[in-house]
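Colleague: First to last, the protein sequences are chains U and P. For our numbering, count along the first sequence from 1 and bump the result up by 133. For our numbering, count along the second sequence from 1 and bump the result up by 133.
To be clear, the hints were calculated from the coordinates, so they are not data collected in a lab. Treat the hints with care, since some could be wrong.
No farther apart than 30 Å at their CA atoms in a straight line, the calculated lysine-lysine pairs in the DSBU-like style are these [to be verified]:
id, chain 1, residue 1, chain 2, residue 2
1, U, LYS162, P, LYS162
2, U, LYS149, U, LYS243
3, P, LYS244, P, LYS189
4, P, LYS236, P, LYS189
5, P, LYS149, U, LYS244
6, P, LYS162, U, LYS243
7, U, LYS162, P, LYS209
8, P, LYS162, U, LYS153
9, U, LYS236, P, LYS153
10, P, LYS209, U, LYS244
11, U, LYS189, U, LYS243
12, U, LYS244, U, LYS162
13, U, LYS149, P, LYS209
14, P, LYS149, U, LYS243
15, P, LYS149, P, LYS209
16, P, LYS243, U, LYS162
17, P, LYS149, U, LYS149
Per the computed footprint, the stretches of chain P lying under chain U, defined by three or more beta-carbons under 8 Å from a beta-carbon of chain U, are [claimed, not checked]:
id, stretch
18, 149-157
19, 180-192
Using N, Cα and C, we set each Cβ at its ideal position, and we do this for glycine too.
Protein chains: 2
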Amino acid sequence: MAASKTSPSPSGSATKLELKPQLRISFRKSIAMGPGKADLLESIAATGSISAAARKLAMSYRRAWLLVDTMNTCFKSPLVETLTGGAQGGGAQVTALGHDVVKRYREMEKKAGESVTREMAEFSDLMR
Amino acid sequence: MAASKTSPSPSGSATKLELKPQLRISFRKSIAMGPGKADLLESIAATGSISAAARKLAMSYRRAWLLVDTMNTCFKSPLVETLTGGAQGGGAQVTALGHDVVKRYREMEKKAGESVTREMAEFSDLMR
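Turn these sequences into a full structure, and let the hints guide you.
Modeller: Okay, structure coming up:
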């Protein structure tokens, strides 16, 4: 209801204004980590398969594979390892480094959002 | 060169790792402000026309117009005003509120990025 907008709380929870911070981390010419890659890693961890993860995200297998390939190339060691065969049939698992990278990425997203809590409260005063 | 990566500076400027923070600010069901809308406002301010701004951003006129319409609906007063006729031929100008909104948005992007400077330096140690 409109009433909730008139007194925005510092946490932003009482307003209809929501902030979604997305971080794109480029390394040389590639995006090493970003919203799509983080979602994909989490989906691979949940499904144990690149193709199932891609389906879940409505992403083509080819695109998912390219994102995995980019991540594996940018980091010191692979974030995703494919098992037995590696092609569409084989399973995949997120490595310890992969889990660490997603965790750090999500924490950075959260911190980035929280850093502008005050500005967002002020911003909400500009809304209808 | 590879040497620059081995000692990431706190500012991140000496590493090949670059952070691009993007903020999407939702109001009710709409994205009131985000990367595309901020770019569009700046492009309209630079060109004085929605169609020229859209061309510059390789965006269709229809899409640009829809983004402007969403922004104008979400905020207390319009961020963009169309002049004389309003259709593709007419000019457009960013209002004082529009300039204020873009300025605040860019400042929030900057602050959000700076909030994770330390985490980014740590992150860079994970890169190849």
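Colleague: Hints first: check each against the structure and report whether it holds.
Modeller: Quick rundown of the hints versus the structure:
1. For the suggested pair LYS162/U and LYS162/P, the alpha carbons sit about 35 Å apart, so the restraint of at most 30 Å is broken.
2. A hinted pair counts as satisfied when its Cα atoms are at most 30 Å apart, and LYS149/U with LYS243/U qualifies at roughly 19 Å.
3. Simply put, LYS244/P and LYS189/P have alpha-carbon atoms about 27 Å apart, close enough for the 30 Å limit, and the pair holds.
4. For the proposed pair LYS236/P and LYS189/P, the alpha carbon gap of about 20 Å is at most 30 Å, so the pair holds.
5. Distance hint between LYS149/P and LYS244/U is fulfilled; the C-alpha atoms sit about 22 Å from each other, no more than 30 Å.
6. Straight-line distance between C-alpha atoms of LYS162/P and LYS243/U comes to about 22 Å, which keeps the hinted pair within the 30 Å bound.
7. Distance hint between LYS162/U and LYS209/P is unfulfilled; the C-alpha atoms sit about 41 Å from each other, more than 30 Å.
8. For the given pair, LYS162/P sits about 13 Å from LYS153/U by alpha-carbon distance, which is consistent with the 30 Å threshold.
9. Under the criterion of a C-alpha separation no larger than 30 Å, the hint pairing LYS236/U with LYS153/P is consistent with the structure, at around 18 Å.
10. Under the criterion of a C-alpha separation no larger than 30 Å, the hint pairing LYS209/P with LYS244/U is consistent with the structure, at around 29 Å.
11. Restraint check: the Cα-Cα separation between LYS189/U and LYS243/U comes to about 24 Å, which is no more than 30 Å; the hinted pair holds.
12. Between LYS244/U and LYS162/U the alpha-carbon distance is near 26 Å, which keeps this suggested pair within the 30 Å criterion.
13. Restraint check for LYS149/U and LYS209/P: the C-alpha separation of about 14 Å stays at or below 30 Å, so the hint holds.
14. A hinted pair counts as satisfied when its Cα atoms are at most 30 Å apart, and LYS149/P with LYS243/U qualifies at roughly 23 Å.
15. In summary, the hint linking LYS149/P to LYS209/P is not supported, as the alpha carbons are separated by about 42 Å, beyond the 30 Å threshold.
16. Simply put, LYS243/P and LYS162/U have alpha-carbon atoms about 22 Å apart, close enough for the 30 Å limit, and the pair holds.
17. At roughly 38 Å between alpha-carbon atoms, LYS149/P and LYS149/U are farther apart than 30 Å, so this suggested pair is violated.
18. Chain U is given as covering the stretch 149-157 of chain P, and this holds because 9 residues of the stretch bring a CB closer than 8 Å to a CB of that chain, at least three being needed.
19. Only residues whose C-beta sits within less than 8 Å of a C-beta in chain U count toward coverage, and the stretch 180-192 of chain P has 0 of them, not enough to reach three; the restraint is violated.
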